[in-house]
Amino acid sequence: RKEVEQDPGPFNVPEGATVAFNCTYSNSASQSFFWYRQDCRKEPKLLMSVYSSGNEDGRFTAQLNRASQYISLLIRDSKLSDSATYLCVVNPKGASGTYKYIFGTGTRLKVLA
Amino acid sequence: DTGVSQNPRHKITKRGQNVTFRCDPISEHNRLYWYRQTLGQGPEFLTYFQNEAQLEKSRLLSDRFSAERPKGSFSTLEIQRTEQGDSAMYLCASSPPTGGIQYFGAGTRLSVL
Chain A
1 RKEVEQDPGP FNVPEGATVA FNCTYSNSAS QSFFWYRQDC RKEPKLLMSV
51 YSSGNEDGRF TAQLNRASQY ISLLIRDSKL SDSATYLCVV NPKGASGTYK
101 YIFGTGTRLK VLA
Chain B
114 DTGVSQNPRH KITKRGQNVT FRCDPISEHN RLYWYRQTLG QGPEFLTYFQ
164 NEAQLEKSRL LSDRFSAERP KGSFSTLEIQ RTEQGDSAMY LCASSPPTGG
214 IQYFGAGTRL SVL
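Which chain is which? The protein sequence lines are A and B, in order.
Residue numbers for the first sequence follow our numbering, so the first one is 1 and each next one is one higher.
Residue numbers for the second sequence follow our numbering, so the first one is 114 and each next one is one higher.
One chain only, chain B, in its complex shape (with noise of 0.2 Å):
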């Protein structure tokens, strides 16, 4: 398969604790892209990479929130003292270089207890 590779699937963690999840992206994508989806809403976009290099952040991304791209192919992002807003699907996106269509992973989907 080299469609968009996203793990875990599911996460269930306690209030407090640090989560981390990966996106592989497809191999000849160099725009990486994360976004987060709550029930009933659409998408909204985290933060971008092109190559390696994390070029925007939205304001949605807090403190807590860390991403990186160490060497422009799969990418982490990371939670620290999670919350229970913080349940959400975390969907991954990549793009060739010419920008244009993005292509989405499965998901993580993370619950806060």
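Extracted from the complex, chain A is given alone in its bound form (with noise of 0.2 Å):
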């Protein structure tokens, strides 16, 4: 079983849906979460920290449960520049102090205009 799972998509919603993606991960210890996004063949970009107690950034939502551990991102009012990867990342903290990023494979999500 793979540390960070997704479904890879791809999600192909029209202008102005609202999509959500979900994330489980198996490691019970870790400690901080992520959304990121990655256009094509460009590196991830920070879109978002992911809080137990949910956090909203404009037309985004993130969801923590740790109980199931499962990460959510809903996206409101899409937009077509909003077509990109989106990355689910935990960041477990290492027996030496590393905090690597494990990352899901990616939601490849496509707005249609």
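Keep in mind that a hint or two might mislead.
Stated by the list, open to error - Each computed EDC-like pair below joins lysine to aspartate or glutamate, with the alpha-carbon atoms no more than 20 Å apart:
| id | chain 1 | residue 1 | chain 2 | residue 2 |
| --- | --- | --- | --- | --- |
| 1 | A | K45 | B | D137 |
| 2 | B | K184 | B | D137 |
| 3 | A | K45 | B | E141 |
Simulated from the structure, these hints should not be mistaken for laboratory data.
Since each chain comes alone in its own frame, lean on the hints to assemble the complex.
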């Protein structure tokens, strides 16, 4: 079983739609969680951190459920510019103090005009 | 530009040749990471430096791979006797002393012919 699992998609949605991505992780000791966005052939860029209380940034809402080891991302009112791959990231603290990232495979989103 | 810088951006080499990539992190960041990303997959952790000390290496990092960060500033990743399976995007990231969010460079895309 992979440490971080995501549905690779693609998710094809019309402009204005609401779309949700889910991610599960296996390491219950994981401490930090993020969503990164990656455009084709570009580097990953931080979209938002994910907190147990949930957090919102404009049209984006992230949720963390530690009991179920589950992370979600909700995008409301999708724009063409939201088309990208969304990477779920888990950040367990290693014995050496490493804060390495464990990435999911990414979920591809295509917003259609 | 004060972001993470990677050079070269692209490298084409013949199988069996040695290649070296360079990463310059954000100046106040003492933590530096290398990842490898293949098509359709999320980035995979390769190695981590805290200042000049290499504190963790992934099992993905075979004996043909070596990374250094001699003065705790820039880092190099060398691949000896390249194989076609080494073709990938090599990403460098850095983060501040407290850990937390990692910022990625644009990557070096390696093609082994």
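The hints, checked one at a time:
{"no.": "1", "hint": "K45/A - D137/B", "verdict": "17 Å, holds"}
{"no.": "2", "hint": "K184/B - D137/B", "verdict": "12 Å, holds"}
{"no.": "3", "hint": "K45/A - E141/B", "verdict": "19 Å, holds"}
Comparing the model with each numbered hint stated earlier shows that all of them hold.
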